[in-house]
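So the chains spell out like this:
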Amino acid sequence: MINLVGFVAPLIAGIGLGFLLREKKHVDLGKVTFGVVLALIFSLGFSIGENKELLEALPRVGVDAVVIAVLAMFFSAVFVVAARKAVGLR
Amino acid sequence: MIKYIIPTLAIGAAAGYLNSNWSSIISSFWVSNYLFNGSLMLLLFVMGLTFGMDEEAVTKMRRTGPKILVIPFAIVFGSILGGVVSGLVLGINMVATTAVSAGYGWYTLAGPLLGQLFGAEWGALGFAANFLRELLTIITISLVVRFDKYVPVAFGGATSMDTTLPVTVRYCGSEMLITAFSSGFTLSLIAPITIIAIAALG
Numbered sequence: 000m001i002n003l004v005g006f007v008a009p010l011i012a013g014i015g016l017g018f019l020l021r022e023k024k025h026v027d028l029g030k031v032t033f034g035v036v037l038a039l040i041f042s043l044g045f046s047i048g049e050n051k052e053l054l055e056a057l058p059r060v061g062v063d064a065v066v067i068a069v070l071a072m073f074f075s076a077v078f079v080v081a082a083r084k085a086v087g088l089r
Numbered sequence: 000m001i002k003y004i005i006p007t008l009a010i011g012a013a014a015g016y017l018n019s020n021w022s023s024i025i026s027s028f029w030v031s032n033y034l035f036n037g038s039l040m041l042l043l044f045v046m047g048l049t050f051g052m053d054e055e056a057v058t059k060m061r062r063t064g065p066k067i068l069v070i071p072f073a074i075v076f077g078s079i080l081g082g083v084v085s086g087l088v089l090g091i092n093m094v095a096t097t098a099v100s101a102g103y104g105w106y107t108l109a110g111p112l113l114g115q116l117f118g119a120e121w122g123a124l125g126f127a128a129n130f131l132r133e134l135l136t137i138i139t140i141s142l143v144v145r146f147d148k149y150v151p152v153a154f155g156g157a158t159s160m161d162t163t164l165p166v167t168v169r170y171c172g173s174e175m176l177i178t179a180f181s182s183g184f185t186l187s188l189i190a191p192i193t194i195i196a197i198a199a200l201g
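Heads up: the sequence lines are chains A and B, in that order.
Positions 0 to 89 (numbering that gives the first Met the number 0) are the ones given, in order, by the first sequence.
Positions 0 to 201 (numbering that gives the first Met the number 0) are the ones given, in order, by the second sequence.
So here's chain B without its partners, still in its complex pose (with noise of 0.2 angstroms):
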């Protein structure tokens, strides 16, 4: 799987950057917003169905319940500790580190918030930061995967509700859908509130 993901990535990069040069000869939203809505929708009911079609996992997640509510929060508090370490460790602002960090990779909401609370420079590093997490995630997950199930869900933060779902999915099993789902789908609303909150401190 990895095999083919990281080539189709570059390739979609590639056709994204020559296309946006040479004058957008495919319509750059039909992309983004057509064939990545679409197949993200489709992708999700195609998950839901071998989600609700197999009877162990849901027997599973029946058993687990709301302790599930435990990973986003952990991602969370692993996050912001990550942020605090990364500002010491490169000297730089730590409140401004810590607030990139809890973009929880949602780099499209990151990028512009901390552009806007701390200046064009973190909004840039609040994107890249988030970004390289997204990216990452999905190229190092069939590695990460041997080590605990869970821990493409904590790397993935708040894009395993979407981009990265279907690679964790397809690595952890079906039973991992609604524990990731949720775990993404918690972190996306909490994401604006922390970056806020933590913006609040400096």
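For reference, chain A alone in the conformation it holds in the complex (with noise of 0.2 angstroms):
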């Protein structure tokens, strides 16, 4: 989210090139992203590690974080697939 142009164009490039390469053979790129997968997750779980004032705030709020968390999630869920049904979207 630090730079929401930033990863619009890679996305919008991908897409675009997809169409000009759609009469070639299919290519297969699930081991390329897995990989990359994993950069992107050890760099997440890098920068938590890192963070003290998240990993303090961790224990003393715990338990009211993932109430709200849960909760939050659980109507989330609950909203979405209601709207989803009531429009149509499969």
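Hints listed in this document are in silico derivations from the structure and should not be mistaken for laboratory results.
Do not take every clue at face value.
Now the stretches of chain A that chain B is said to cover, found in silico as 3 or more residues with beta-carbon under 8 angstroms [to be verified]:
#1 31 to 39
#2 53 to 60
#3 65 to 79
Even for Gly, the Cβ is constructed at its ideal location relative to N, Cα and C.
Build the complex from these two chains, which are given one at a time in their own frames, with help from the hints.
This is how it looks when you write it as structure tokens:
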């Protein structure tokens, strides 16, 4: 979320190139993305591990945080499933 | 996939913790900036490429059109209701718990902003609750996707445009790419506005 444009640009470039390459043979990118996903998850973990503010806050506000997170996620899921059925999204 | 993700996350967290305690052998800026942003941009490009090549996914997307915007707004209402209910269940300031849940998982925004609006303790809670939303989304994706493929997008909230996006696409398929990304994008724009608006009620 650092830079919205920096994230939208590669996505659009990828979609554009995908359109152009449609006639080409199917490319299996599964293995490439798998490695990159792990690099992303590692750096996410790294930024959590070095974030002292977050690590100190967790045990102190842990229970409240779990309740808020779980309820927000639960009701979001209920509303999303209801909304997608209401507008006929499949 | 999930059996690799959780250990990788734990190893990353341990590495980050040890690194910050041992006078930063690795530049944390390098990991959190170059590695994080670089791998995310590469993933977005590759996911876009896979989506663009997938004729079926594109046709499906065209048919759906602007209807997908109901998803982020359903997440806004769901998260706010979650915040209200948690305030009641925990017996603490309901306006503040609602503002916490209106971070939609974006903890780097919610933490400092809530700290400013409600004080340091709420900043810590805003940080922790929204971080847990991201973490729980990644951990539970493989299970909740069986109920409905839109549930990971709902769980992810604002993180559906970046950190939880690759895992969501992996489990829900290429056709969910635009739905998840646009939902996360919209929520990222809405999050600061809803947090400030809710705080104004208190």
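Against the structure, the hints:
Coverage of a stretch by a chain is defined here by at least three residues with a beta carbon nearer than 8 angstroms to that chain's beta carbons; for the stretch 31 to 39 of chain A and chain B the count is 8, and the condition holds. Counting residues of the stretch 53 to 60 of chain A whose CB lies closer than 8 angstroms to any CB of chain B gives 7, which reaches the minimum of 3, so the coverage claim holds. With a cut-off of 8 angstroms between beta carbons, the stretch 65 to 79 of chain A has 15 residues touching chain B; three or more are needed, and the interface restraint holds.
In this structure, none of the earlier numbered hints is contradicted; all agree with it.
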